[in-house]
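Input sequences plus hints: build the corresponding full structure.
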Amino acid sequence: MSAMGHDFFLMNFVAGLGVLQMAASYASLRGMLFLRHRPLSGILGFLAVVGAFLWFFISGPRNLPDTSGGLSGNEDAWLFCAAGACAILFTLAATSILNYRMGREYASRRPGLEALQHTTFYRAFLSAMRGLWTRS
Amino acid sequence: MDAVLRADAAVLLWLNQWVGHFPAWDAVLEVFISDYFAPSALSLCLLGMWFAGRDARERDRYQRATIRAMIALGLASLAVLIINQHLFRARPFIDHEVTLLFYRPTDSSFPANPAAVAFAMASGIWEGNARVGLIFAIFATVWSVGRVYAGVFYPLDILGGAAIGITISYLVGRALRLLEPLPTIVLRVAGMLHLA
Chain P
28 MSAMGHDFFL MNFVAGLGVL QMAASYASLR GMLFLRHRPL SGILGFLAVV GAFLWFFISG
88 PRNLPDTSGG LSGNEDAWLF CAAGACAILF TLAATSILNY RMGREYASRR PGLEALQHTT
148 FYRAFLSAMR GLWTRS
Chain A
40 MDAVLRADAA VLLWLNQWVG HFPAWDAVLE VFISDYFAPS ALSLCLLGMW FAGRDARERD
100 RYQRATIRAM IALGLASLAV LIINQHLFRA RPFIDHEVTL LFYRPTDSSF PANPAAVAFA
160 MASGIWEGNA RVGLIFAIFA TVWSVGRVYA GVFYPLDILG GAAIGITISY LVGRALRLLE
220 PLPTIVLRVA GMLHLA
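Order-wise, the sequence lines are chains P and A. According to my numbering, the first sequence is numbered sequentially starting from 28. According to my numbering, the second sequence is numbered sequentially starting from 40.
Be aware that one or more of the hints could be misleading.
As the list claims (entries may be wrong) - Derived DEER-like restraints, expressed as beta-carbon distance ranges:
no.: 1; chain 1: A; residue 1: Gly113; chain 2: P; residue 2: Ala30; range: 25 to 31 Å
no.: 2; chain 1: P; residue 1: Gly32; chain 2: A; residue 2: Leu173; range: 30 to 36 Å
no.: 3; chain 1: A; residue 1: His135; chain 2: P; residue 2: Trp105; range: 32 to 38 Å
no.: 4; chain 1: P; residue 1: Leu37; chain 2: A; residue 2: Tyr209; range: 33 to 39 Å
no.: 5; chain 1: P; residue 1: Leu37; chain 2: A; residue 2: Leu117; range: 27 to 33 Å
no.: 6; chain 1: P; residue 1: Pro66; chain 2: A; residue 2: His135; range: 50 to 56 Å
no.: 7; chain 1: A; residue 1: Leu173; chain 2: P; residue 2: Ala120; range: 32 to 38 Å
To be verified - Example chain P residues on the side facing chain A (calculated, C-beta under 8 Å, incomplete):
no.: 8; residue: Met38
no.: 9; residue: Ala42
no.: 10; residue: Met49
no.: 11; residue: Leu91
no.: 12; residue: Glu141
Just so you know, the hints here were simulated from the structure itself, not pulled from any lab data. Keep in mind it's a predicted model, so treat the numbers as computed, not measured. Think of the CB as a built atom: it goes at the ideal place given N, C-alpha and C, for glycine as much as any other residue.
Okay, here's the thing in structure tokens:
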């Protein structure tokens, strides 16, 4: 991967983490927050987005064609998708560990992201799998 | 047609004459119109929209709009690529003396890919949340007009790109409605895995 590709991936990964914190804070998805304090998580997310963009654009010349160190449209697209997917996976995994005690008694098998308002992704996913297993 | 093209060039030259007069503004715009700022910012907004619904109904609306915007974005890009194979318009800096704020792209000027992509996303999101859609549309307009100011597109390229983006987004919306219950099934399966 080129230096520009590496930096672009990193910017989108960190900004993606920030956006997910902002969205989870807004939607009260407590199981997806890194911090227990909801508004603080949103602010932290916003700072991560601003910081990632500032770092990327200040750390070097970015107005380059793909023939001189820039990225082509296709590279741009797949690097963003990879960074976004990594940000989602990292957030779900890290918050499942950080909030391990959260929602232990939560036995609802309500589908969807709404379950993350009360428990972690790991517990909700496990509960969904158990539900599928007992149904089949 | 000649009169239209002359007017197109005149608008471009009028906008481009201001480059260099306000260095601080140019520096900000150089970041904004780059290949990385606007695409990342708009795509990150889509990522946020997926998770941002406060209840099941709102989330369903946002996620359908996000799906529509993502498909429209890909198809708009593909449409521009196909049109560029058959139609080539030289960039403004080839035929006119312009001050560039951007590198010299070698692909066709018409239709403008940034406008097609950004307006496809804006009109896709509009259905889910008109306020966010409006913000996307303003963002898309500034990005597109910024590229004209920077001397790499004519205004008609932008209008053509925007028309392609909006039309494709509308058609994707219609197609998704026709494909029901497929989008609902996709969202339900993702919901069972707590991802939607």
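Status of the hints after comparison with the structure:
1. A/Gly113 to P/Ala30: 25 to 31 Å: At 27 Å between Cβs, range holds.
2. P/Gly32 to A/Leu173: 30 to 36 Å: holds (33 Å)
3. A/His135 to P/Trp105: 32 to 38 Å: holds (35 Å)
4. P/Leu37 to A/Tyr209: 33 to 39 Å: holds (36 Å)
5. P/Leu37 to A/Leu117: 27 to 33 Å: Distance hint for P/Leu37, A/Leu117 holds at roughly 28 Å.
6. P/Pro66 to A/His135: 50 to 56 Å: Check passed, 52 Å falls within 50 to 56 Å.
7. A/Leu173 to P/Ala120: 32 to 38 Å: At roughly 35 Å between Cβ atoms, P/Ala120 and A/Leu173 fall inside 32 to 38 Å, so the hint holds.
8. Met38: Holds, about 7 Å.
9. Ala42: The hint holds - P/Ala42 has a Cβ within 8 Å of chain A, the shortest such distance being about 6 Å.
10. Met49: holds (6 Å)
11. Leu91: holds (6 Å)
12. Glu141: Constraint on P/Glu141 satisfied, holds at 6 Å.
Going down the numbered hints, you'll see the structure goes against none, and every one checks out.
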